Amino acid sequence: MAVANDKQREPFFVGYFNKIPAPLVPFLAIACGMFVAGMGLLSFSLATTANDPGDGRFVWNRVEMTGIITTEPYPVLYAPDAETGEPTAFLLSGQGKRGPGVGRTLEDGMAVLAGGVLLKRGSIDMIQLAGGERGVKPANGGTGTPPEGFAPPEPVSLGRWRLTGEICDGKCYQGAMRPGRGLAHKACASLCLIGEIPTVFVSTGNVEGEEFFLLADKDGKAAPDAIYDLLALTVSLEGEVERRGNLLVFKADFDTAELL
Amino acid sequence: MSVKYVPVTWNRNKLIYDLVLIAGVVLYIYVYLMVAPAFQAVTRPPDGAILRMQAFGSCAFVMLSVILCIGPLARLDRRFLPLLYNRRHFGVLTCAVAFVHASYVLGWYFAFSPVDPYVAMLSSNTSFGQVQGFPFEALGIAALLILLILAVTSHDFWLAFLTPTVWKAIHMSIYLCYALVVMHVALGYLQSAENPVFAVVVGASVLTVSGLHFAASRIPARAEPERLEEGGTGWVVAGDVADIAEKRGITFDVPGGERVAIFKYDGKLSALTNACAHQNGPLGEGKIIAGCVTCPWHGFQFDPASGRAPAPFTDKIATYRLKLDGSRILLDPRPNPPGTHVDPVTIPDELAKVT
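Protein chains in written order, with numbering that gives the first Met the number 0: chain A, 0 to 259; chain B, 0 to 354.
To be clear, the hints were calculated from the coordinates, so they are not data collected in a lab. Just to be clear, a hint being listed does not mean it is correct.
[Unchecked claim] Once the Cα atoms are required to be at most 30 Å apart in a straight line, the calculated BS3-like pairs of lysine-lysine come out as: (1) K18(A) / K13(B); (2) K220(A) / K13(B); (3) K322(B) / K167(B); (4) K217(A) / K119(A); (5) K246(B) / K18(A); (6) K18(A) / K322(B); (7) K13(B) / K119(A).
[As the list claims (entries may be wrong)] Footprint (simulated), chain A over chain B, 3 or more residues, beta carbon under 8 Å: (8) 40–46; (9) 53–64; (10) 156–164; (11) 190–201; (12) 261–271; (13) 292–305; (14) 310–322.
The model shown is predicted, which means the values in this text are computed figures rather than measured ones. We put the beta carbon where it would ideally sit given N, CA and C, even for glycine.
Full structure from sequences and hints, please.
Written out as structure tokens, the structure reads:
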């Protein structure tokens with residue numbers, strides 16, 4: 000049996016003829032209109048329902064802070080609060096995807112004048128250090144003496160916790176990129192961590208009201224290479240949480256890591 | 000049809016087609032970048048580069064979905080055929096939009112690092128052993144490479160140079176490309192999307208593309224050919240003269256899987272292979288225009304008696320022998336070499352009047 004072509008009497012279009020068969024014109028006009036309108040509607044729907052990237056941002060004014068650097072698990076500057084004099088933590092980074100110690104030596108207990116621009120998100124700020132001595136130089140006119148009577152806070156253990164959340168690079172999450180988290184950002188976060196940007200943990204719950212932790216291994220050292228396979232995913236980790244002034248450090252046991 | 004190769008043989012239809020395409024893309028990008036941000040419920044707006052990579056990436060995905068719907072739509076409803084005619088323009092534009100997306104990703108996520116951006120793109124995520132966190136960028140790169148190959152070889156020069164069979168095989172990789180893009184999206188952005196709208200759009204795309212292809216694959220329903228009993232000559236009954244409208248054709252599957260198109264014109268019948276020499280378009284769904292069988296896909300033409308394209312073109316397709324038994328059309332299923340002239344079968348006046 001042959002297949003009878005039941006469409007034999009329909010208008011026939013040949014593209015290299017300039018004329019479109021008249022019966023096809025309304026149909027094609029509607030199809031084209033629907034395509035263009037559909038593109039606009041889809042675009043609006045997708046763009047307006049994108050994730051909220053949060054309030055992280057650069058503050059493009061140079062700041063200078065005199066304080067003391069601690070280096071474990073990552074370099075942090077503690078400077079006296081302008082009003083209370085209490086030690087306030089500032090995470091540190093270099094330019095781009097480079098850690099604060101790239102191109103310079105940062106030693107534990109160094110008293111320095113740090114300069115750069117602030118990255119602000121939530122209660123913890125980060126300083127993107129300027130290059131060379133504009134970024135870090137010995138405090139108090141080059142003498143390296145710390146502010147009188149000032150010392151970084153002593154760590155206080157807040158006990159053992161199992162936390163669920165996302166491992167991020169501290170700089171993008173702070174606002175260097177918006178959004179600076181999520182799987183779409185995973186490769187960028189990997190590059191940041193390769194460049195020695197501090198690793199942070201953003202929890203879905205909170206410990207003493209804080210959801211943001213500097214992430215260390217269980218011995219308080221920089222997070223191990225194992226984090227690269229956990230990065231930007233929802234992960235559950237167990238470990239000790241430690242308060243260091245206004246900064247919480249999560250000393251995670253990576254043997255307990257579970258992907259959720 | 001063109002006797003020499005030029006970049007694009009523009010005509011009014013192509014201009015309108017491309018203008019509609021560009022209008023759709025420009026509107027999509029404009030709304031995403033300029034209109035929608037005012038309606039986003041965000042604490043602070045996303046980075047401009049990230050917004051642009053989202054805009055161009057999602058636009059390319061939507062365009063690719065639409066492209067893959069055109070083919071089956073044209074099979075299901077021939078009024079969509081004009082959209083098929085310049086589909087390669089759609090593909091080239093999609094490739095360009097996807098390339099812009101990739102450029103923003105490369106220039107933002109993979110920039111600002113001591114590592115070379117191209118090296119970083121290939122090495123910064125190596126979690127190939129897990130589904131969650133799989134380096135979805137690699138899937139996107141593979142899809143973009145396929146789009147680039149298809150765009151570069153979309154011109155008729157490559158069709159002739161590679162031969163239609165090879166060209167068609169290469170261009171069927173658009174389905175692999177689509178699968179890679181779906182995985183690229185599903186293992187990447189979709190995993191972090193807090194709002195279900197994007198998941199709904201991706202799901203709707205997959206369901207629509209696969210559903211339309213399934214529906215199109217169900218037509219036409221083909222029956223086994225009825226063999227002529229007498230003599231063991233191999234001739235088969237291919238249909239009835241009354242089945243065919245004037246200047247139109249029917250298709251018929253001969254034993255062995257070949258499909259033949261039989262045309263009626265000017266009181267005569269001729270049979271040709273159903274596959275156009277250009278892109279294997281269904282000639283049986285074409286029409287006799289200016290005395291030639293005209294392919295419904297791109298308008299390639301062939302003389303119905305000889306299977307030869309009109310001069311100065313040199314394309315040739317196989318012809319078949321026909322004869323009539325009353326009003327029944329009998330076909331010799333053995334194809335003649337391409338371009339072999341076969342005298343058309345004359346339809347007797349009494350049958351011609353009936354039809």
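Here is how each hint holds up against the structure:
Using a Cα cut-off of 30 Å, the hinted pair K18(A) and K13(B) holds, with the two alpha carbons roughly 11 Å apart. Only pairs whose Cα atoms come within 30 Å are accepted, and K220(A) paired with K13(B) is rejected, the gap being roughly 64 Å. Distance check on the hinted pair: K322(B) and K167(B) sit about 34 Å apart at the alpha-carbon level, beyond 30 Å; violated. Distance restraint check for K217(A) and K119(A): the Cα-Cα separation of roughly 28 Å lies within the 30 Å cut-off, and the hinted pair is therefore satisfied.
For the suggested pair K246(B) and K18(A), the alpha carbons sit about 19 Å apart, so the restraint of at most 30 Å is met. Proposed proximity of K18(A) and K322(B) is contradicted: the alpha carbons are some 37 Å apart, above 30 Å. In summary, the hint linking K13(B) to K119(A) is not supported, as the alpha carbons are separated by about 52 Å, beyond the 30 Å threshold. For the region 40–46 of chain B, the proposed coverage by chain A is satisfied: 7 residues have a C-beta within less than 8 Å of a C-beta in that chain, meeting the threshold of three.
For the region 53–64 of chain B, the stated coverage by chain A holds: 5 residues have a C-beta nearer than 8 Å to a C-beta of that chain, and at least 3 were required. With 0 residues having a Cβ less than 8 Å from any Cβ of chain A, the region 156–164 of chain B misses the three-residue criterion, and the hint is violated. Only residues whose C-beta sits within less than 8 Å of a C-beta in chain A count toward coverage, and the region 190–201 of chain B has 8 of them, enough to reach three; the restraint holds. Restraint check on the region 261–271 of chain B versus chain A: 1 residues with Cβ-Cβ distances below 8 Å, three needed, restraint violated.
Given a C-beta distance limit of less than 8 Å, the hint that chain A covers the region 292–305 of chain B holds, as 4 residues qualify and 3 suffice. Counting residues of the region 310–322 of chain B whose beta carbon lies closer than 8 Å to any beta carbon of chain A gives 0, which falls below the threshold of three, so the coverage claim is violated.
In this structure, the earlier hints numbered 2, 3, 6, 7, 10, 12 and 14 are contradicted, and the remaining ones agree with it.
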